Amino acid sequence: MSSLTVTRATLWKDLRMEWRSKDAINSMLFFSLLVVVIFSFAFNPTAEESRLIAGGLIWVAFLFAAVVALNQTWARELRNQVLDAYRVSPAPPNALFLAKALGNFLFVVILEALMAPLFVVFYQLRSVGPAWQLVVVALLGTWALVVNGTFFAAMSIRTRSREIMLPLILFPISIPALLAMVDSTTGILTGEFSPDFWIKMLLVYDVIFTAVCLLLFESVLNAE
Amino acid sequence: MAGTTEPSSQPVIFLQNLVKFFGRFAALRDITDSFAPGRLYVIVGDNGAGKSTLLRVIAGLMQPSQGSVSLLGAERVRDVAHRIGYMGHAPLLFDELSGMENLRYFAGLYGLRDDRACSDAMRRVGLDPDLERRVGQYSQGMRQRLSLARAVLHDPELMLLDEPFSNVDVHSAREMAAVLGRVRDQGKTIFVVTHQAPLMEAVADEFVHMSAGQIVSRQVMTRSTVSVSSEAGGAR
Amino acid sequence: MKPLSILFIVFTLALLGFSTYQALVVAPTEQTMGDVQRIFYYHVPSAWVAGLCFFVNFLASVAYLVKRGSNVDALAAASAEVGVVFCTIVLITGPIWARPVWGIWWTWDARLTTTLVLWLIYVSYLILRRFASGSQTQVLSAVLAIFGFVDVPIVYMSIRWFRTQHPSPVMGGGENSGLDPVMLHAFFWNLLAFTCVGIILVAARYHLQKMENQVESAHAQLALQGGAR
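Protein chains in written order, with our numbering: chain G, 1028 to 1251; chain C, 364 to 599; chain W, 7 to 235.
If you're looking for bench data, these hints aren't it; they were derived computationally from the structure.
Certain hints may be false.
[Unchecked claim] If you anchor each label on the Cβ, the simulated ranges turn out as follows:
{"hint": "1", "chain 1": "W", "residue 1": "H213", "chain 2": "G", "residue 2": "I1065", "range": "17 to 27 Å"}
{"hint": "2", "chain 1": "C", "residue 1": "G386", "chain 2": "W", "residue 2": "H213", "range": "19 to 29 Å"}
{"hint": "3", "chain 1": "G", "residue 1": "I1065", "chain 2": "W", "residue 2": "Q227", "range": "52 to 62 Å"}
{"hint": "4", "chain 1": "W", "residue 1": "W112", "chain 2": "G", "residue 2": "R1047", "range": "17 to 27 Å"}
{"hint": "5", "chain 1": "G", "residue 1": "V1155", "chain 2": "W", "residue 2": "R105", "range": "35 to 45 Å"}
{"hint": "6", "chain 1": "G", "residue 1": "L1242", "chain 2": "W", "residue 2": "V31", "range": "45 to 55 Å"}
{"hint": "7", "chain 1": "W", "residue 1": "H213", "chain 2": "G", "residue 2": "S1246", "range": "24 to 34 Å"}
{"hint": "8", "chain 1": "C", "residue 1": "F388", "chain 2": "G", "residue 2": "R1189", "range": "20 to 30 Å"}
{"hint": "9", "chain 1": "C", "residue 1": "G386", "chain 2": "W", "residue 2": "V129", "range": "19 to 29 Å"}
Only a predicted model underlies this, so the values are computations on that prediction, with no experimental measurement involved.
We treat Cβ as the ideally placed atom computed from N, Cα and C, and that holds for glycine.
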């Protein structure tokens, strides 16, 4: 059983289980919609102003939606102590981690794809800079949040108050990535400066922390 | 593997000064013992004697606080994980998938792509492989049996089963015990932790008595008569 | 306590007295900022000690993951706690200095913001230590410490870039350039004194943790022999 097969099998299983129950997807979709609406009430800018602040608003909204998704990453595995079965098997722990991270990534990207048009509508957003760069930023930024988030979710399930523990340890470490996401989005929307540095920085962040996660996941999985 | 095989002289499990602490509580207290392969060991004892803990340490789910465990000739459990099957207290199954889907997934973790191994395993524990019902809707006994199927799916040499008969009716339990006996006859080594010792009397090779974190005695069974051996080497 | 330790403590107290004298009396009053500038002698050394503590925490965490020793973990816990204390001092003295001089309590400049993020990361580390259950505490916090420390250079670089894009007032901007030699003198004495204080605090906390570990260990050994629950 190579890592790749196990990753694929695990990802497929998770997707199938999610598709069947649909409870996580539905509640999260609705939650994302609520977040967008509430933000629109709270900040009611003109079209000109909105380009300046939309970067920050959008990413904070995505962050909240992502945390809700991340908190239930390991919920099914915990229910019947399935992780024991995984640990006892010869399957490599990193394959499990990657499958979970990829699943979360897919999930959050879908949420973002649904929330973004709503933001465009509510804030009358129109990008001055090239919009495809927004997609690049979204993908890199989402992976930055999700890779660490999946890892910290695995850590927080071993603590009391696990739902609050995840954002508590995730947010400080994600600050540079968040800064990059927000500022590059603002740069692209306003067209006033190039997001190139931020995109490169997000890439570096992603590579470094994916490596750290893969290096340390086994220790966390087997922590007693 | 066909027919019976002679158990080799090398112990399949070797415990050396094994200690396990949970904070201040010593769940396993300085156990030194070895177990020959190809036999069915039944571990019995009161609640809190350390039976489940012992199984979990052997399975590699917990690290010893002191001492060592050597399995199947290897120092690290990781190296022989594909030759071990573990069944725990909890079902270790996904409620949202059907029986076959569960088994297919876990088989994949062991590199098995063959559906037949999964359906055979289900049949052997008395479940219908075509049942589409999700495991979450199984009865307790069915879930228990599927959990056993999951543990032995990959035809492991060493099976570690924790309370396989809980919530199973007496008739099915006797059948399962007989199945385990036949598996042992094929040369596998089986450890069963149970509170229902009488069920295993017909098939067990040895009863291992644990109390307060130690192995206090080992009772070798011959199939026709019962003989009690002297104190085991592990008690201090 | 060992005689060497007592000697060191006495030496440090003397050093601290001397450096305080240097900072408050000997060093000249700054031209533009006035006496409030003297906070600099506490603000910067605290940052240095905090950084040192977090570096020790990183090394101890890596060492713990390599070889699971309780004492190494004790060092990690101790250095993180002391580091957070000094980091807090930096964050408090910063605004106290800034308000009378620049008229603002806070600015998101690179150094101060990095310090804030550092503080957040290690406070989250301390909270994780408190909330993790039992023996997992050590592994989980060691892992988080590595994440945190790896993040620090990234944090600094990203905020630096943000600030070059969107410039804003830098607090205590040029204080290291053109520093009066007497001031530099006072600064280094305080740096030394604070480092010694840091060492003492970490050592004390480390010994406390080590003793706690020993008590647990003794109880466990007792349980092993006695058979009592």
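Hints versus structure:
Distance hint for W:H213 and G:I1065: a CB-CB separation of about 51 Å, inconsistent with the stated range 17 to 27 Å. In this structure the hint that C:G386 and W:H213 lie 19 to 29 Å apart at CB holds, the actual value being about 22 Å. Between G:I1065 and W:Q227 the CB atoms are about 57 Å apart, so this pair conforms to the stated range of 52 to 62 Å. For the pair W:W112 and G:R1047, the beta carbons lie near 50 Å from each other, so the given range of 17 to 27 Å is not met.
For the pair G:V1155 and W:R105, the beta carbons lie near 38 Å from each other, so the given range of 35 to 45 Å is met. The given range of 45 to 55 Å is respected by G:L1242 and W:V31, whose C-beta atoms sit roughly 52 Å from each other. One distance hint, 24 to 34 Å for the beta-carbon pair W:H213 and G:S1246, holds here, with the actual separation near 27 Å. At about 24 Å, the CB distance of C:F388 to G:R1189 agrees with the hint of 20 to 30 Å.
Between C:G386 and W:V129 the C-beta distance comes to about 26 Å, which sits within the given range of 19 to 29 Å.
When the structure is compared with the earlier hints, violations turn up for hints 1 and 4 and for no others.
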